[in-house]
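Colleague: With the sequences and hints as input, model every part of the structure.
These protein sequence lines map, in sequence, to chains A and B.
Take the first sequence: its position 193, counted from the start at 1, is 196 in the working numbering, and no numbers get skipped.
Take the second sequence: its position 366, counted from the start at 1, is 1349 in the working numbering, and no numbers get skipped.
Just so you know, these hints were derived from the structure itself, not from any lab.
Take these hints with a grain of salt, some might be off.
To be verified - One side of the interface only, derived from the structure: several residues of chain B facing chain A at Cβ under 7 Å:
| id | residue |
| --- | --- |
| 1 | S1028 |
| 2 | Y1063 |
| 3 | P1072 |
| 4 | H1073 |
| 5 | A1132 |
All figures in this text were calculated on a predicted structure; none of them were measured in a lab.
Backbone N, C-alpha and C define an ideal beta-carbon position, used for all residues, glycine too.
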Amino acid sequence: MNGSGPAELDALRLSLEVAARSVGFSLPLAVLVAWILTRARFPGRILFDAFVHLPLVLPPVAVGYVLLILFGARGPIGGWLRSHFGIELAFTTAGAALATAVMTFPLMVRAIRLSLENVDRGLEEAARTLGAAAVDRFVSITLPLMLPGILAGAVTAFAAGLGEFGAVITFASNVPGVTRTLPLALYTAMQSPTGDALALRLAVLSLALGLLGLLAAELLVRRVRRLLGR
Amino acid sequence: MLQVSVVRKRPGFCLEATFAAPTPGIIALFGRSGSGKTTLVNIISGLLAPDAGEVRLDDQVLTDSGAGIAVAVERRRIGYVFQDARLFPHLNVAGNLRYGERRARAARQVIGFDEVVTLLGLAQLLRRRCRELSGGERQRVALGRALLAQPRLLLLDEPLASIDAARREEVLPYLEALRDQLAIPMVYVSHQFDEVLRLATHVVLLEAGRVLAQGPVNEVSLRPELQSVVGPDLVGAVLEGVVVRLDPDSGSADLAVGTGTLQVSLRDVPLGSRVRLQLLARDVILATQPVQGLSVRNALASTVTAISNDDYGAVLVRLDVGGETVLARITQNALRALNLRPGDAVWTLVKAVSTRGHAFRLAAGP
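Modeller: Quick look at the structure:
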């Protein structure tokens, strides 16, 4: 392979797609989970908290394996999705996005939770005295004030999602053009005796993307904070 | 009528308060910090639930623990101006004002956006961000935001506490305007008696979670319990009178109080307006004979009605001055030297300048 061939472009396009789909899928759920962890008081909250953070400490391969058992074609959830909605997750791009979402979920929840903890409950009380009921308060006060954290969580998860390897390769395998994202392409290139140059290009590409993502996150959060009057 | 009778017990603090006050008007919850004032307004607003008790506004039950009634905060239509304003930082001033207005569409509109903006002097601020406002401006915006939610009762929790003294004039005249021009009843929490003197129509005196005294400001000013809250130096009878003569050159005015007149230091009040003032007991001088050659502007014929020790080594003399009650604080030595007894006729001497800063115009005269 010579020059900037389709392998890099495919991998880049796939990585962006997988990361975007994973963020889009997990963001509303992460807001909900962050809200539950911050505001709700129920028995087993600590256990729930630990469960949400599990992907941070588990080997990614183990996460991929658990997903394969649950969401595989014959798994309890995977089988149900397949027979009722015709959704295939194992060995598909959607599956790669799911694996990425699970892996980056704790990062996202953490950022959102931090911003929610910083929301002054006094402002919600003020909204209440002005006639705003629970959902109205959340949408008109809490959510806008959490925005910096939600954006930071989304961009960080996106940047991290571009490089998710273990869970993706275990659950979604390494299919060119379908699940071979940047890190998978890089790994494949490294395994090939003639892939040194390609591997280097992919590595540099990954580095640039990661840096760009983190910078974008920081700038975005700063701008939103300024808009919020902080 | 606002009727409150609630109990809320927590480790280290027990609130057990009962009061009833007429509406409209400004009901002052007055007491030192930690006396339970804020807990009480939070219970009235519904943000806190009492362990037991009732809150009624006019004919509506807001809380009745016995009947299991607790109207949700957002449906009480009770405005709340917090000590720290609590403006929404992601909205500008106009956005904050509209927030309550939008959610009060169903309610009968008592006051409109333009009226609030004019009344509170907010026209120049509408497009400003909240963090750019001064403390006084913040409280005015918070006040406007609460008013536009068309409240049936407005709670103000020490709205001046976070504003430095010099800037309180950015807010106080607006509160007077609200009292005089709107029929919205207010509960005003304060630990400064001069604010009560200036604004309130009714006072509830709180100490350690209990109501020590309640009633019109002039009545409560004569209650011995007030001394334990404000200390001996700020005790003094509150009188109300009508301006009958003005002397703008000397900055003084004559007030018709009871059956007599009182010359006080007061500027910028129209003839005929009602004025409330406090004669601090320590500033009142007693004489058993008519005096001559003194700078004192007021020498009022009066009768001693009671004498009591004041727990500070001095005595508090209660006087009838033309049908009004005035308090004078004198030393034990002075009492012995004058040999005062209840029923004695004395001259009550009041320096006109001693009323400066202690006299305020109530609603405009007829």
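Colleague: The structure should be examined with respect to each hint, and the outcome stated for every one.
Modeller: Taking the hints in turn, this is what the structure says about them:
1. For B/S1028, the suggested interface contact is upheld, since its CB lies about 6 Å from the closest CB of chain A, less than 7 Å.
2. Checking B/Y1063 against chain A: minimum C-beta separation of about 4 Å stays under 7 Å; hint holds.
3. Taking 7 Å as the C-beta contact cut-off toward chain A, the hint placing B/P1072 at the interface holds, the least distance being around 4 Å.
4. Interface hint at B/H1073: satisfied, since its Cβ lies 5 Å from the closest Cβ of chain A, which is below the 7 Å cut-off.
5. Because the closest C-beta pair between B/A1132 and chain A is about 5 Å apart, less than 7 Å, the hint holds.
Violated hints: none; the structure is consistent with every hint.
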